[in-house]
Amino acid sequence: MGYISLTEIEKDIRIKKCEYWEIILQDDMKERMVSAENSLKEMQGMYQAMKQADKSYEGRRKSSSGLAGTDGLKIEKANKTGKIISGEFMGHVMERAVKMGESNACMKRIVAAPTAGSCGVIPAVLLSYEKDFKMSETRMIESLYVAAGIGCVIAKRASISGAEGGCQAEIGSASAMAAGALCYLRGGTPAQIHNASAIALKNLLGLVCDPVAGLVEVPCVKRNVIGAVNAVTASDLSMAGVKSVIPADEVIDAMKNIGRMLPCALKETAEGGLASTPTGQKIAKRLSGK
Amino acid sequence: MNIFDIVGPVMVGPSSSHTAGAVRIGYISRKLLGEEVHEAEIYLHGSFALTGKGHGTDKALIAGLLGMHTDDVRIPDSFQMAEEKGMKFFFETADLGDVHPNTVLLKLTGKSKRKLEVMASSLGGGRIQVNSLDGLTVNFCGDYPTLIVHNQDQPGHVAEVTSMLSHKSVNIANMQLFRSQRGADAVMVLECDQEIPKESIAWLMHLEGINKVTYLSLKED
Ligand code: SF4
Numbered sequence: 220m221g222y223i224s225l226t227e228i229e230k231d232i233r234i235k236k237c238e239y240w241e242i243i244l245q246d247d248m249k250e251r252m253v254s255a256e257n258s259l260k261e262m263q264g265m266y267q268a269m270k271q272a273d274k275s276y277e278g279r280r281k282s283s284s285g286l287a288g289t290d291g292l293k294i295e296k297a298n299k300t301g302k303i304i305s306g307e308f309m310g311h312v313m314e315r316a317v318k319m320g321e322s323n324a325c326m327k328r329i330v331a332a333p334t335a336g337s338c339g340v341i342p343a344v345l346l347s348y349e350k351d352f353k354m355s356e357t358r359m360i361e362s363l364y365v366a367a368g369i370g371c372v373i374a375k376r377a378s379i380s381g382a383e384g385g386c387q388a389e390i391g392s393a394s395a396m397a398a399g400a401l402c403y404l405r406g407g408t409p410a411q412i413h414n415a416s417a418i419a420l421k422n423l424l425g426l427v428c429d430p431v432a433g434l435v436e437v438p439c440v441k442r443n444v445i446g447a448v449n450a451v452t453a454s455d456l457s458m459a460g461v462k463s464v465i466p467a468d469e470v471i472d473a474m475k476n477i478g479r480m481l482p483c484a485l486k487e488t489a490e491g492g493l494a495s496t497p498t499g500q501k502i503a504k505r506l507s508g509k
Numbered sequence: 013m014n015i016f017d018i019v020g021p022v023m024v025g026p027s028s029s030h031t032a033g034a035v036r037i038g039y040i041s042r043k044l045l046g047e048e049v050h051e052a053e054i055y056l057h058g059s060f061a062l063t064g065k066g067h068g069t070d071k072a073l074i075a076g077l078l079g080m081h082t083d084d085v086r087i088p089d090s091f092q093m094a095e096e097k098g099m100k101f102f103f104e105t106a107d108l109g110d111v112h113p114n115t116v117l118l119k120l121t122g123k124s125k126r127k128l129e130v131m132a133s134s135l136g137g138g139r140i141q142v143n144s145l146d147g148l149t150v151n152f153c154g155d156y157p158t159l160i161v162h163n164q165d166q167p168g169h170v171a172e173v174t175s176m177l178s179h180k181s182v183n184i185a186n187m188q189l190f191r192s193q194r195g196a197d198a199v200m201v202l203e204c205d206q207e208i209p210k211e212s213i214a215w216l217m218h219l220e221g222i223n224k225v226t227y228l229s230l231k232e233d
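Residue numbers (this note's numbering), protein chains in the order written: chain H, 220 to 509; chain E, 13 to 233.
A hint or two may mislead.
Said to hold, decoys possible - In silico BS3-like links for lysine-lysine, alpha-carbon gap of 27 Å or less:
hint, chain 1, residue 1, chain 2, residue 2
1, E, Lys210, E, Lys224
2, E, Lys65, E, Lys100
3, E, Lys65, H, Lys504
4, H, Lys441, E, Lys65
5, H, Lys501, E, Lys65
6, H, Lys274, H, Lys350
7, E, Lys119, H, Lys327
8, E, Lys224, E, Lys100
9, E, Lys123, E, Lys210
10, H, Lys249, H, Lys375
11, H, Lys270, H, Lys299
12, E, Lys119, E, Lys97
13, H, Lys302, H, Lys421
14, E, Lys127, E, Lys224
15, H, Lys302, H, Lys375
16, H, Lys274, H, Lys375
17, H, Lys302, H, Lys270
18, H, Lys327, E, Lys97
19, H, Lys441, H, Lys274
20, H, Lys230, H, Lys375
21, H, Lys260, E, Lys231
22, H, Lys327, H, Lys441
23, H, Lys249, E, Lys100
24, E, Lys180, H, Lys249
25, H, Lys421, H, Lys230
26, H, Lys281, E, Lys65
27, H, Lys441, H, Lys293
No wet-lab data here; the hints were simulated from the structure.
The whole structure should be built from the sequences, with the hints applied where relevant.
Next up, the structure:
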């Protein structure tokens with residue numbers, strides 16, 4: 220993608236008088252030399268693959284380590300029996316986030332968005348919004364362009380890799396992308412979209428990558444829930460008119476700086492944080508002894 | 013990087029950097045070798061070495077070397093498939109120096125004894141970067157048809173290559189030149205918008221002062 224800042228995207232939307240997603244689509248057409256039809260088809264493919272992955276969740280399956288699996292089913296049940304107090308929509312978001320995270324841990328086919336570890340955040344928010352708020356698939360695909368545009372800028376200015384920037388770069392980025400996409404679907408302006416992304420990312424700054432035994436399972440699966448829920452609340456704040464004091468581009472730069480400062484032990488090496496707790500180490504030992 | 017590196021790829025889990033990126037590194041390396049892999053010595057660095065096993069990085073690299081894509085559901089079974097095909101491989105951990113944490117060095121020998129050394133990093137989200145070929149620094153991501161020419165560092169070779177490309181109506185997206193020292197080995201990397209015809213690659217190989225030509229085609233074999 221040609222854009223290196225969200226400010227630039229906002230400016231172009233103003234100048235060209237286009238919708239947010241159209242600006243990103245045009246950029247993709249230019250970059251990859253494809254027709255609008257081809258690009259849209261590919262994006263539709265991504266959305267459908269997300270839907271497919273959501274549908275093909277296997278509630279009884281466990282990952283080969285035995286650490287991940289079956290929690291999606293529990294939340295599904297809690298949702299169905301009215302045991303969730305954070306609201307119906309939020310219940311669905313949580314359920315989908317866990318299910319997708321578990322599918323990934325079980326080596327099933329998912330859509331990395333932006334990464335596999337964070338693959339539950341965007342579909343949890345978008346698939347739930349489509350269903351509960353009766354959106355057309357066309358609009359959903361448009362919102363994926365918004366998410367992708369924001370994600371590209373984050374990848375360019377900072378990073379989307381846990382090994383490079385910690386979990387803030389994975390779950391944080393996914394959350395910022397989902398928050399922006401959701402604002403777009405709710406009719407937010409480009410400024411509100413970026414404001415929601417800024418709020419979402421700010422809330423997850425400093426989040427370290429500390430997977431137990433180095434596997435994308437603990438804490439990853441449940442972190443997809445916080446990424447998704449955080450995206451929804453950030454969009455609520457932004458749509459209500461709450462503004463992030465620090466502009467989105469600067470929040471992204473802060474994320475990069477924090478990532479640099481984080482020691483290697485907290486960047487996917489499984490040498491610190493939750494991975495180095497007594498329980499985490501016990502699990503790692505058990506798995507390596509297998 | 014394009015938007016489908018960010019929303020996408022569709023892949024088999026669990027890790028985009030340690031599983032999908034590794035499949036892609038294997039796949040691109042096999043394409044660069046230009047033939048089936050007979051033997052692979054694989055050196056894992058940093059986070060690849062530390063947590064690679066839990067993420068199936070080893071299986072993913074072999075799957076890629078066998079020509080599989082990131083969404084291939086056979087990835088978990090790649091070792092067995094390699095055995096069936098008579099492909100030999102071994103893994104070791106190594107310190108490859110001041111490189112990205114997810115870096116691997118592959119020493120490959122093809123079915124017809126062609127050799128290639130590839131060092132590549134997985135940058136996250138399934139994106140990769142090739143850092144060195146046969147010990148010389150390069151920098152490309154494998155998203156474009158890419159021509160890599162090892163030549164003697166002397167005047168004229170860049171012109172030969174670029175005029176051939178212009179003759180074949182191939183547009184250059186990115187071009188880089190590297191050399192070990194003045195007058196010694198040099199390498200040029202050209203990322204192109206179109207595929208380069210086979211006969212043009214063969215023609216280049218026979219030019220005086222050109223040591224090796226490697227071509228990454230994005231077409232399926
Ligand atoms: S803890 Fe690390 S591996 Fe797990 S989701 Fe976060 S960044 Fe990815």
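To see whether the hints hold, each was checked on the structure:
1. About 15 Å separates the Cα atoms of Lys210/E and Lys224/E, which keeps this hinted pair within 27 Å; it holds.
2. Note on Lys65/E and Lys100/E: the hinted pairing holds, with a Cα-Cα distance of about 19 Å set against a maximum of 27 Å.
3. At roughly 14 Å between alpha-carbon atoms, Lys65/E and Lys504/H fall within 27 Å of each other, so this suggested pair holds.
4. Of the supplied pair hints, the one linking Lys441/H and Lys65/E holds, its CA atoms being roughly 22 Å apart against a limit of 27 Å.
5. Of the pairs offered as hints, the one joining Lys501/H and Lys65/E holds, with about 17 Å between alpha carbons and a cut-off of 27 Å not exceeded.
6. A C-alpha spacing of about 13 Å is found between Lys274/H and Lys350/H, which places the hinted pair at or below 27 Å, so the restraint holds.
7. A distance of roughly 30 Å separates the Cα atoms of Lys119/E and Lys327/H; the hinted pair therefore is violated under the 27 Å criterion.
8. Between Lys224/E and Lys100/E the alpha-carbon distance is near 25 Å, which keeps this suggested pair within the 27 Å criterion.
9. A C-alpha spacing of about 20 Å is found between Lys123/E and Lys210/E, which places the hinted pair at or below 27 Å, so the restraint holds.
10. Our distance criterion of 27 Å between C-alpha atoms is met by Lys249/H and Lys375/H, whose separation comes to about 18 Å.
11. Between Lys270/H and Lys299/H the CA atoms are separated by roughly 20 Å; this keeps the pair inside 27 Å, and the hint holds.
12. Restraint check for Lys119/E and Lys97/E: the C-alpha separation of about 18 Å stays at or below 27 Å, so the hint holds.
13. Among the hinted pairs, Lys302/H with Lys421/H is inconsistent with the structure: their alpha-carbon atoms are about 30 Å apart, more than 27 Å.
14. Distance restraint check for Lys127/E and Lys224/E: the Cα-Cα separation of roughly 11 Å lies within the 27 Å cut-off, and the hinted pair is therefore satisfied.
15. With a C-alpha separation of about 42 Å, the suggested pair Lys302/H and Lys375/H falls outside the 27 Å cut-off, and the hint is violated.
16. Between Lys274/H and Lys375/H, the direct Cα distance comes to roughly 33 Å. Violation of the 27 Å bound is thereby established for this hinted pair.
17. For the proposed pair Lys302/H and Lys270/H, the alpha carbon gap of about 25 Å is at most 27 Å, so the pair holds.
18. For the proposed pair Lys327/H and Lys97/E, the alpha carbon gap of about 25 Å is at most 27 Å, so the pair holds.
19. The suggested pairing of Lys441/H with Lys274/H holds, with an alpha-carbon distance near 19 Å, which does not exceed 27 Å.
20. In summary, the hint linking Lys230/H to Lys375/H is supported, as the alpha carbons are separated by about 18 Å, within the 27 Å threshold.
21. With a C-alpha separation of about 20 Å, the suggested pair Lys260/H and Lys231/E falls inside the 27 Å cut-off, and the hint holds.
22. About 17 Å separates the Cα atoms of Lys327/H and Lys441/H, which keeps this hinted pair within 27 Å; it holds.
23. About 43 Å separates the Cα atoms of Lys249/H and Lys100/E, which puts this hinted pair outside 27 Å; it is violated.
24. A hinted pair counts as satisfied when its Cα atoms are at most 27 Å apart, and Lys180/E with Lys249/H qualifies at roughly 22 Å.
25. Among the hinted pairs, Lys421/H with Lys230/H is consistent with the structure: their alpha-carbon atoms are about 23 Å apart, no more than 27 Å.
26. The suggested pairing of Lys281/H with Lys65/E holds, with an alpha-carbon distance near 18 Å, which does not exceed 27 Å.
27. Taken as a hint, the Lys441/H and Lys293/H pair is honoured in the structure, with Cα atoms around 13 Å apart against an allowance of 27 Å.
Against the hints set out earlier in the document, violations occur for numbers 7, 13, 15, 16 and 23.
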